[in-house]
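Asks: The chain contents come next:
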Amino acid sequence: MLLEINNLQVNYFSARGKTPAVCGASLAIKKGEVLGLVGESACGKSTLALSIANLISPHEGKIAEGEIIFNNRNLIGLPEKELRALRGREISYIFQDPSSALNPVYTIGEQITEVLLGHENISKESAKEKAIQALKSAQLADAERVFSCYPHQLSGGMKQRSMIAMATILKPKLLIADEPTTALDVTVQAKIIELLIKLKNELGLSILFITHDLNLVSTIASRIAVMEKGKIIRYETKGLSKPAAAEKRKTETQSKENVLEAKNLKKYFAVETGFFRREKGIVKAVDGVDISLKYGQTLGIVGETGSGKTTLAKLLAGLYTPTEGKIYYEGNKKIIRKDFQMVFQHPFDSLNPRMKIEDILKEGLLIHKIAEPSNIKQRLCDLLDMVQMPKDSLDRFPHEFSGGQRQRIAIARAISVEPKVIICDEPVSSLDVSIQGKILQLLLELQERLNLSYVFISHDILIVKAISTTIAVMYQGKIIEQGEASQIFEHPAQEYTKELMSAARY
Amino acid sequence: MFKNKLTLFGAIIVGALAIIAIFAPFISGHDPAAIDIQQALLAPSSAHLFGTDQLGRDLFSRIVYGARVSLVIGFVAVGISIVIGLAIGSIAGYYGGRVDSVLMRLVDIMLCFPSFFLILALVAILEPNIIIIMVVIGATSWMGPARLIRAEILSLKEREFIQAAKVLGASDFRIITRHLIPNGIGPILVNAVLGIAAAILIESSLSFLGIGVQPPSPSWGNILMEGKSTLGVCWWLLLFPGVAIFITVMGYNLLGEGLRQRYVVRDK
Amino acid sequence: MIMLRIKNLKNYKLPIILAAFLFVISGCSQRTDFKNNSIITASIGDARTLIPILATDSASAEISSLLYNALVKYDKNINIVEDLAQGWDIQDGGLKIIFYLRKDVKWHDGAPFTAKDVEFTYKKLIDPGVRTAYSGDFEKIKEFNIIDDYTIELVYKEPHAPALSSWGMPIIPYHLLKDEDLNTTSYARNPIGTGPYKFKKWVTGEKIELVANPDYFEGAPLIKNYIYRVIADDASMFLELQAGGIDLMGLTPLQYKRQTNTLFFKKNFNKFRYPSFGYTYLGYNLKNDKFKDVRVRQALDYAVDKQEIINGVLLGMGRTATGPFVPESWAYNAGVALRPYDAQKAKELLAQAGWRDTNKDGWLDKDGHIFEFTIMVNQGNDLRQQAAQIIQRRLSQVGIKVKIKVVEWSVMITEFINKKQFEAVLMGWGLAREPDCFDIWHSSKTKEGEFNFISYKNDEVDQLLVEGRRIFDTKKRAKIYKRIHEILYEEQPYMFLWIADQLPIVDKRIKGIEVAPAGIYHDFIHWHIEKEND
Amino acid sequence: MAGMVPLLIGITIISFAIIHLSPGGPVELATSMDQRVTAQARQKLMHIYGLDKPLHIQYADWLLRLVRFDFGNSFLDGRKVLDKIVERLPITLLINILSLFLILIIAIPIGITSAIKANSFYDKFMTVFVFMGFAMPSFWLALLLMSFFGIQLHILPILGIKSLFFDELSLAGKILDVARHLILPVFVSCFVSLAAMSRYIKTNMMDVLHKDYIRTARAKGLSETKVIYKHALKNALLPVVTILGLSIPGLIGGSIITETVFSIPGMGRLAFEAVMARDYPVIMAELIISALLTLIGNLIADIAYSWADPRVRIGKRNV
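Protein chains in written order, with the numbering used here: chain A, 1 to 506; chain B, 1001 to 1268; chain C, 2001 to 2534; chain D, 3001 to 3319.
Where hints are given, some of them may not hold.
Here are the simulated lysine to aspartate or glutamate pairs, EDC-like style, with alpha carbons at most 16 Å apart [what the hints assert, rightly or not]:
| hint | chain 1 | residue 1 | chain 2 | residue 2 |
| --- | --- | --- | --- | --- |
| 1 | D | Lys3044 | C | Glu2139 |
| 2 | B | Lys1166 | A | Asp339 |
| 3 | C | Lys2201 | D | Glu3087 |
| 4 | C | Lys2292 | C | Glu2372 |
| 5 | D | Lys3162 | C | Glu2206 |
| 6 | B | Lys1166 | A | Asp349 |
| 7 | D | Lys3234 | A | Glu110 |
| 8 | D | Lys3211 | A | Glu60 |
| 9 | D | Lys3117 | A | Glu60 |
| 10 | A | Lys314 | B | Glu1158 |
I should point out that these hints are in silico values taken from the structure, not numbers from a laboratory. Quick caveat, the model's predicted, so the values are computed rather than measured.
Just need the whole structure built from these sequences, with the hints factored in.
Replies: Following this line, the structure appears as structure tokens:
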């Protein structure tokens, strides 16, 4: 065994005292093995990872108990100096977001050579040489130029490759990759995984691969540990399949009428900086989009981060005013507020933390005077029922619920005003795979029951396919391909669409 | 919240001052306005805890009553600045675009004035009475709160629950009052607590220049101002009001700092 | 690590820093030779202009008085005596005044002083384009004739007794200013006079330095350097006195009584005390019904203990006042007796005037209104504010409710006094040595911006004031003004409060100071320094 | 830069309106209750100052002159306002730059170390220490120091910026003399502003210490010194540059008190005297110049920031 963690307990300090983050987790990694570690956000997986080389800041938390045996040495209680010698040399890390994990005020080169200079007696020149070598083996084509670049000059994928180069330059025994691809585009994710596999084989690394995406991890890991509430609860050997979304509703109710239609829709943002607010440029987030949605149908929109799909969603929901172009709501130019609702991406953010669930759900009813005051309570219970939530939720605050539950509440809020269309902006992407399916199922059921139309936005073409009647592929603010779901899936016309699909199938 | 002892200390000072100000008549023991020339300039004794001033008034009771004046100035001035700041900041942040740039331009203009100079000029030109002083301090210190509130609202505005409320069709007023303000109040509270301390200091500086709250109403600033001319002899006239200001400002700052740790420096 | 670094620093750098610091804070703070030749005085405000006919502030006037001379001046006993004029004739019952000028006077640049300079000064005083505030007295001149270089003849429109003293206005040089715009000329900061001191240097906001004029026609001053420092805060100024940076300053009563009795002060300073030329009063708006009844005004006078105010506010450093003149003036009527403090008498008089406490709430009332009024005080004047507080307390004891309103000076004048929007005001008059007070008491002087803002009207006083201006004989005039004094105290348009004492303190090494009715500065050029040996 | 014009116009309009619409005025202030001055004479003065014209004409006149950089003449002494300001600006700048420098020298280590040792006894001690300066009325502190160092110990001069016998000193003596005079004023203006800056730096530093790249640096096995002084420090100090620009108006405002207590003839005292005397041209010029200084300060801060921060210095390249 390269690493053995036994009964690890880590506490964080907080205003309310000690909060346990890892409670008695045990884990083992063999030499040359890739171990996947999955779990919902806040289940303690990152804390576990940080504890290994004791990177938990003494101000924030403390390892309370347990042992971490690395190469037959217990790392707990090891003097800081010895730990420091291990970090970067024997145990390396890659973090989730390369844009924040790299220091913005130093060049990539400085940050990589620093590792060498810190651990080895080596001249600056040869450190530079080695660093460029490492950048090259991280498959950065223009390694010399990257070496002298500041992080902000590089794309996300390049930054993560640089991080990987930095983490592997001293050929460590253990590489801890904490959600290394989550912040990256789908198409880039696959390439990073490939790179990690390549390096693992070349350098004989052991990797602890942490992610919330079970599907992703199964492409690289041989064993997968599942973590929940600070404990490892079970091991899986292979990934779960993609969300077992309910069979897509057969679109019998073929309607000719458009409930929502956008023509040549554009939205530009100006970028300003400094005390004097000079205008620095324009971002064309949505740049000439034509789409339409018929009654009772679902329009799926798929695209990467930054493709403009969220802006499009907000335009459609009337949250942004278009720079150019028109949107027709049932043929009208003005939105009928209660008929067009939205479900958002982050269930942790979409509910006002200072309001009880009752108040959150009641708000729409009060605004549109939908229920008689005497009926409100009944109506709220019905809504909770529809999204399969217990009635006693009404009295509680959002932070008392899990992500999936919150998303159900958010859906309940959306349907509370009896809308015709719901625009769903990545409604499941921040949820666990197991829960994703259930939420999709719920959405489909509600569509049937309430005769809803959806605009469904996601970066994951598989999810979109599972729920949509028609699909539009968005890239750099434009729709590059749209049509019947099955047709797009089986015969993609654009190269980009194919890329999206192959990345998703990984 | 009071885990930090300094914050607790600050809170105790602030609380004690509030009690002193509210119950001034019961605490002071003397009429702060009672002139008795025979008793002028007495050093502290059991009869006059802090001694007496040039007109023979009891300094302790003047300082106790002065707490009222000084705290009222602090609270009202900050109240005014927060109300203006809230209005301008939330309108600018919420509506954005043209409204935002015009209002923020106004904020920039106001920020270019050295605020103490502006306060001084306005108070001197208008009239140095307590109401004018409070209004002027308030009217020249709302830019901080306005910027803060705007920034808070800009970040809150992008939060999904605000968007959700909009999609539900909530009115702007409802969104600002029910969703934005309750969630953004923390930093404003911190700003208010620190602002009170600053306002008390500004009043004392104005008094030093002769245009603070004017006698006979006692403010710590004008008591200190009167004591200034006795420097070197009647030490109590200079020491006690100065210490009163010092402790108060310290208390509010420690409390504000504690609140800041809680509300502004968000832990991960 | 930080600690570690400081430790390293401690080893070798700290002593150096410490030594440097000691070096900086040491160093002699006094220079004996400098002190042996110089007198240093200080003021809160900087001078504004050294063109005396433009100056309205006391700092400018003070410096100007050392740089310039006028035709006449007051001697130590407050008589008008020769200065640049070596004599004068008053003819035609005061319609004509002839001045004979000194012939031995030179400007500091060597040019001779002549009648041309006097004429020039006169012309500038009446020039509407010059921002002088003192044209009033000179507009009464009908003709200004130069008889010869050293004789001038003035013809007045009517006999004007204050005319002579009006020529206490300093004379400015024709030859230097004839082509200058007086309002903007750089001469204002680089003046040339005829006086005992010559201008040397002006560092704005910091100091003005003068140096003795060796050719002064009354003989060179004995102290070589005169330095006028600007110290913006009175507490700082007092500290600087103790630090040895000032030789001469005016003390507050508190400083005089309480802060300068230590051994240190006794060893190093002399204190002086003499009455000032001015009085402080509470003026009533006589247009206001409350104050129309003379019995009410007398009652108020009875109800306030003036000696208490003097003791409390001035710590006894002042005298009671019975009228618009100071005891040193020949116009003062010593026969006017002070009303004693008598609250009972005050109540009786008020009752006679109809003010009684009918509802027993502690406040007097009449026709359903309580007796209540506001005293206005200008901000920044502690003494007056304290006096107002004592008056407030005393009047409350006879059942009169007084409020105090502190207002900035210019606002008080423009918004309240000039518009007669006040009930009572606590102010002071600085007096000229000339007793003419036509502008203050004559009933024709009640328009906006004029000085009879309390709207006082008494036919006898009106008549006496006119008469007093036309007669030049001091004895006859004295009779007139003594009568005015008597009437005003009886009628109480003002409550006369006090005449404060001047309280200068001077460094002991400066000798030759003589206290006279005119104060101590009348003989400034004969002050000298006892040399110290270091 | 174009943004400065509307700012400046706004500044001029607001200050002109406030000052000129207010009651009272310079003529009354200088001449009221002086028996030698008649009402007609006052009218004449009003005319000479141009105060009898309609307000918008006065404003237009003033603005037209301003464009030619002519601030007019002071009501008090008839001197060119620009001359008055130019002779007073250097000393105010000197004191403020010195104290700003001192503030940074002291506040940076305090801020950084308190952030590192957050919540320790050291941190608490420093919190109280820096707030002590903030909580004392500056004039009070100044008077106490003057009385202690100047009168009791007699080791420091208490007023002004140079001795009366300054002219007789050698060059070294002159420098020393000014240095001695500057100790107390610079210390006071530094001590009272220390809290704001050191708190700001501490907050920044604590923010930075939570950043992912600090964790990365630790994960690389760098020593704590390197992590803090190389990776955290630079990032924490960058925003200080912008704060310096914004702190200029506060410093000018603070100068009013310091310069009055210490009797230093600078901009602050000029401002105060002008306000008390209603010397409109000077008040307006002070406002414009301090606004200009603020704008210039912010411009410099903007430039310095973009020079120091690679994210701004080197624009994003499309990769």
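Asks: Could you run down the list of hints and mark each one as holding or not?
Replies: We went through each hint and held it up to the structure:
1. Lys3044/D / Glu2139/C: It holds: about 14 Å lies between the C-alpha atoms, which stays within 16 Å.
2. Lys1166/B / Asp339/A: 13 Å, holds
3. Lys2201/C / Glu3087/D: Holds, at roughly 14 Å.
4. Lys2292/C / Glu2372/C: Cα-Cα ~15 Å, so holds.
5. Lys3162/D / Glu2206/C: Status holds; Cα separation ~9 Å.
6. Lys1166/B / Asp349/A: 14 Å, holds
7. Lys3234/D / Glu110/A: 14 Å, holds
8. Lys3211/D / Glu60/A: 13 Å, holds
9. Lys3117/D / Glu60/A: Holds: Lys3117/D and Glu60/A sit about 12 Å apart, inside 16 Å.
10. Lys314/A / Glu1158/B: 11 Å, holds
Violation of the numbered hints given earlier is absent; every hint is satisfied by the structure.
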